[in-house]
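Model the full structure from these sequences, guided by the hints.
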Amino acid sequence: MSPTTVDEEKPIRSLIPVRMDRMPWSRFHWMVILGLGTAWILDGLEIQIVASGGYAKSLDMNATEIGLTATIYLVGQVAGALFFGRLTDKLGRKRLFVLTLALYLVGSAAAGLAPNVWIFWFFRFVSGMGIGGEYSAINSAIDELMPGKYRGRVDLAINGTYWAGAMIGSLASFYFLDTERFGENVGWRIAFFIGPVLGLGIIYLRRHIPESPRWLVTHGRGEEAEAIVSRIEHDVAAQGHQLPHLEDSQGWWIKAHEGVTFKQLRYVFLKLYPTRTFLGLTLMITQSFLYNAIFFTSATVLQHFYGKTSSSAALYFFPFAIGNLAGPLLLGRLFDTVGRRKMIGGSYALAAVVLFLSAVLFKADVLTAGTHTLLWCISFFFASAGASAGYLTVSEIFPLEVRGQAISYFFSIAQLFGALGPVIFGALIGEGTARGPLFWGYVMASAIMLFGGLVAFKFGVDAEGKALEDIAPPLSTYDEQGNQLTKLPV
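So for the sequence shown, the working numbering puts the first residue at 3; every next one is plus one.
Warning: the hint list may mix true and false statements.
Claimed, not checked - Below, in silico cross-link-like pairs of lysine to any residue (SDA-like), each with a Cα-Cα straight-line distance of 25 Å or less:
| no. | residue 1 | residue 2 |
| --- | --- | --- |
| 1 | 468 | 365 |
| 2 | 257 | 483 |
| 3 | 468 | 32 |
| 4 | 468 | 31 |
| 5 | 151 | 238 |
| 6 | 365 | 433 |
| 7 | 273 | 32 |
| 8 | 460 | 341 |
| 9 | 460 | 275 |
| 10 | 460 | 283 |
| 11 | 96 | 207 |
| 12 | 59 | 72 |
| 13 | 273 | 484 |
| 14 | 59 | 173 |
| 15 | 460 | 277 |
In short, the hints are calculated from the structure, not lab data.
Below, the structure is given as structure tokens:
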């Protein structure tokens, strides 16, 4: 029997997790980033194109129905995350990150061809399901394929590319919705095909990305895992990298584990790791509320309080997006060196302080549209890094067997709370005649983010540089005497 094959009767020692964690950086890891790290670009692209509302006249939609279109997409994301999150843990990462992308491609392209609003809404829901499923499958796969030394910066950079997609979507809307270039019923349909065209190239790349060897070895498919890791190591060595020397004693005793019941899942979240559950929920909910509250009302604030037109207000989106993209890219390395706890807590806290400062200056009526946007850029430079680290945290602090479901549940709960942000802030803006109500809204958002930062400082997990198995041992691991390390309820 191969030393990495999992037997159904007894646990076998496997070096697969350690070999993946200690792997030198190589072309393989760049391929994973290019193939899997594009889901957020597509999401940002979709949100921005839908927000443009270019389809409204063709489909005879009013303002309420345009807003409902965004809601349907978000509901689809939640449904996709919950449904495909469980399948990600049960069927594997590779099957799901191919299936969910294909679902998105079909949904987005079909929406671009929709003859009426009902068919349009149906396929917006379908494309939302695809992107929601992507969040679970992709985060799980990336973390399990990346060496622990680089996991933080890679996750942050990939999550931050949402804003690159948003900028592409904004430029596409500006170009394709210009009725001097394209007919009113044509331009928006072309725009909806940008994502699918990009996705076709991504699907090609994903065909060459293997299943997570870590997932395989915990599901009794050790020989497949061994073949994949050996192939990667061969390519790494051929590129001139030195593979680390590992001792058998560094291996993990693993026995096949085909999944967890909902009772066992509840036990993991509420009994085994209650503090981590509180941490993950806090980070995800607080950043979701902040983003939705500010992002979806920023243009309205610029119009009502600074006299900008809807067209000119849209131009202020680009510096806002650049700040959000720059944060994870520039600060990501520090999450692997300075550490998760300090950087997540610090990012949330700094974002809160700058947002509070902007609230005070806004109430004093000493800001211009430019200076207010600049303060938003600074605040979200830090908030974006912290928000991306929220996804990283949820992905790495729970055992492999529930990783996909952890991401899906926490993402879905955060979306529900985040949906309250635009509603509350929209009501506070009102007719734009008084600054007091919105000032208190900004203060509330600052306090919420500060609370998230304090929770990270207090309960954060020092996961930097550690193997996933050292942070949260898989439920299928045993000691040398054959005793299961984590006892689950039957």
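Between residue 59 and residue 173, does the CA-CA distance stay at or below 25 Å?
-> holds, 20 Å
Straight-line alpha-carbon gap residue 460 to residue 275, limit 25 Å | holds, 15 Å
Compare the distance between the alpha carbons of residue 468 and residue 365 with 25 Å, and conclude whether the hinted pair is satisfied.
-> Status violated; Cα separation ~45 Å.
Are the Cα atoms of residue 96 and residue 207 separated by 25 Å or less?
-> holds, 12 Å
Restraint status (C-alpha distance of residue 460 to residue 277 at most 25 Å) = Since the Cα atoms of residue 460 and residue 277 sit roughly 10 Å apart, the hinted pair holds (cutoff 25 Å).
Straight-line alpha-carbon gap residue 59 to residue 72, limit 25 Å = holds, 16 Å
Sort out whether residue 483 lies within 25 Å of residue 257, counting only the CA atoms.
-> At roughly 13 Å apart (the allowed maximum being 25 Å), residue 483 and residue 257 satisfy the hint.
If you draw a straight line from the CA of residue 468 to the CA of residue 31, is it 25 Å or shorter?
-> holds, 18 Å
Keeping to a limit of 25 Å between CA atoms, is the pair of residue 460 and residue 283 held or broken?
-> The given pair, whose Cα atoms are some 14 Å apart, holds under the 25 Å limit.
Residue 468 and residue 32: Cα distance at most 25 Å?
-> holds, 20 Å
Given pair status - residue 433, residue 365, alpha carbons within 25 Å = Within the cut-off at roughly 16 Å; holds.
Keeping to a limit of 25 Å between CA atoms, is the pair of residue 460 and residue 341 held or broken?
-> This hinted pair holds, its Cα atoms lying about 14 Å apart.
In this structure, the hints that do not hold are numbers 1, 7, in rising order.
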